[in-house]
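Engineer: One-letter residues, chain by chain:
There are 2 protein chains.
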Amino acid sequence: MSRFFLVLTGGIGGAKLCLGLQRILPAESLRIAVNVGDDFEHLGLRICPDLDTTIYTLGGLANTEFGWGRRDETWTFMKVLENLGGESWFRLGDGDLALHVERTRRLLRGETLSYIMSDVASRLGVRCEVFPVSDDILSTVVVTAGGELEFQDYFVRCRCVPVISGLRFRGAERAGLAEPVVAALDSPDLGGIIIAPSNPYLSIDPILAVPQMRSRLERRQVPAIAVTPIIGGAAVKGPAAKIMKELGIEVSAGSIVEHYRGLIDGFVLDSRDAPLAEHIDIEVRICDTLMNTLEDRDRVARTVAEFGRQLRR
Amino acid sequence: MSRFFLVLTGGIGGAKLCLGLQRILPAESLRIAVNVGDDFEHLGLRICPDLDTTIYTLGGLANTEFGWGRRDETWTFMKVLENLGGESWFRLGDGDLALHVERTRRLLRGETLSYIMSDVASRLGVRCEVFPVSDDILSTVVVTAGGELEFQDYFVRCRCVPVISGLRFRGAERAGLAEPVVAALDSPDLGGIIIAPSNPYLSIDPILAVPQMRSRLERRQVPAIAVTPIIGGAAVKGPAAKIMKELGIEVSAGSIVEHYRGLIDGFVLDSRDAPLAEHIDIEVRICDTLMNTLEDRDRVARTVAEFGRQLRR
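Chains as they are written, first to last, in the numbering used here: chain P, -17 to 295; chain W, -17 to 295.
One or more hints might be untrue.
Just so you know, same-sequence chains aren't split out, so a pair can sit in one copy or run between any two.
Straight-line C-alpha distance at most 20 angstroms; calculated SDA-like pairs for lysine to any residue [said to hold, decoys possible]:
#1 K61 <-> A9
#2 K224 <-> R295
#3 K224 <-> R73
#4 K224 <-> S11
#5 K227 <-> E55
#6 K61 <-> L106
#7 K224 <-> V164
#8 K61 <-> G51
#9 K227 <-> E265
#10 K219 <-> P144
#11 K61 <-> R105
#12 K61 <-> P8
#13 K61 <-> G107
#14 K224 <-> R87
#15 K224 <-> G244
#16 K219 <-> R87
#17 K227 <-> D247
Bear in mind the hints are in silico, worked out from the structure with no lab data behind them. Since this is a predicted model, take the numbers as computed values, not measurements.
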């Protein structure tokens, strides 16, 4: 068996890189560990936005217009729920709902989240392995001047408007790594670790907050690479830049390198930020990291995979 | 306030009469107590087929083509659930699902079924009061030569094919009447009780199995009327005739009168069975009870309401 990469990822940006990697690598050369800090209970259902976005993207089922949910979706459930006076701030498509209902039912039956999602991914046509970083409950909590907000209250209900003064990951200190994550990290075939261009504070930090994950990354025997989520002093999408400003961090690729200090050996910098390369004291590759088209995804994936192989030597 | 009728009803046939009664009576002159023996847990959701059929019918939302579920329905949830390997033998439309999800959520929050369904009925445009006969769990169990079957396993999964040797109502002996049922039965304005032309064994018997219901009906101070579910020796719809044969009961309107012995003062016989009237020893009205059109529903409703007023004198 060939070497494989283990990707740590969150939402949309990370899923784009994962799709590129799935397209250019054999299925067995890619395993993906996904953030669970966004997961929450809603309408009695367990909802896992990042896992679902990753699986829908890799299965070719994602709604690329919205950036979340499924394509060819219908919205009858939501319309009737509104008529019934139910909570409608979190939009759930009819097809998307099937995954939430089935996942909740199987969790209540005692199956682990990683087992369920691995099965779901395979049923939905995903060829590589996708799993949650943890089977335990680990919830991102946003600290604001007005008090603490549950992640989806911040992200969806309040549309990221509240000013963040900090973040904490409730349950992280007691959370263990899911079995497929341990298997990947323990495997002699692990060839490298890739931190996707996801939001470092909202998507990657909850992964690193699992104590075993951080300590294993610190003691890694294989190269680890991060791909920049910041291009020219701005986030490609989402609130990363806004959060960095609120936390008093300079919005630059250099701050991301600093953020992952001790956990990475290489950094993929955007070509627009090429002049910054000389200030970065780890290995750097420069690449146009903006991923609008499928070809863009393939290009960034190739750069990252090649970078990983080079660092391994 | 004028006198009101309390209707005991189950599924489709009963809902047709209820719709007629809602059309010809002022809203405050009609209260409807619905069977809960068909209710079950499925996919982690509480599903109440008879309550929902009644409410959809009275709200003008019923799928009259199927005889169950909502009109203008979409089926994306079911399609995706099948892809995920979920249980798909019980068909749940996307809009229908909203009611199951919202009901389950509210039940888990501690609201009673009768409170929730009364709210749902009003939100969906139902003008009269509709409530479950009991807020407790009471489940119809079908006894067959091959063992016991849960009701929906018999009714939907096995399409009523297994031969019935008996029925029992699990939980009935401990079940109480829902508060609105007690209020209706205790009200000085109660003017009569109507047993709808629902399946006596599957839809009405679970209602009568609540000990307080049967004893209160036996001690009633107002007239009670049953409408025949049998026309010319056959059931209008559903397995009533098949069940009667299997239980060794003659398939005739007379058997229905016998079944309700002591609980009714009047019986509405179908005009096709008019010759049977002389063999029935309680008050009888003869009427074309087949309800295909809205006018049919109004006609049967008028006959029943007028019959009730006459018996009251």
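Engineer: Give a verdict on every hint.
Structural biologist: Hints, verified against the model:
1. K61 <-> A9: This pair counts as neither: shortest intra-copy Cα distance 39 angstroms, inter-copy 27 angstroms.
2. K224 <-> R295: neither (38 angstroms within a copy, 77 angstroms between copies)
3. K224 <-> R73: Neither: 24 angstroms inside a copy, 46 angstroms across copies.
4. K224 <-> S11: Neither: 35 angstroms inside a copy, 60 angstroms across copies.
5. K227 <-> E55: Result: close neither inside a copy nor across copies, 36 angstroms intra and 47 angstroms inter.
6. K61 <-> L106: Between copies only: 12 angstroms across chains, 26 angstroms inside a chain, cut-off 20 angstroms.
7. K224 <-> V164: Cα proximity of K224 and V164: none, with 34 angstroms in one copy and 59 angstroms across.
8. K61 <-> G51: both (16 angstroms within a copy, 16 angstroms between copies)
9. K227 <-> E265: For K227 and E265, the Cα distance exceeds 20 angstroms both inside one copy (26 angstroms) and across copies (83 angstroms).
10. K219 <-> P144: Classified as within; 17 angstroms inside a copy, 59 angstroms across copies.
11. K61 <-> R105: between (28 angstroms within a copy, 13 angstroms between copies)
12. K61 <-> P8: Answer is neither: 42 angstroms inside a copy and 30 angstroms across each miss the 20 angstroms cutoff.
13. K61 <-> G107: between (29 angstroms within a copy, 15 angstroms between copies)
14. K224 <-> R87: Answer is neither: 37 angstroms inside a copy and 35 angstroms across each miss the 20 angstroms cutoff.
15. K224 <-> G244: This pair counts as neither: shortest intra-copy Cα distance 25 angstroms, inter-copy 75 angstroms.
16. K219 <-> R87: neither (33 angstroms within a copy, 34 angstroms between copies)
17. K227 <-> D247: Answer is neither: 26 angstroms inside a copy and 79 angstroms across each miss the 20 angstroms cutoff.
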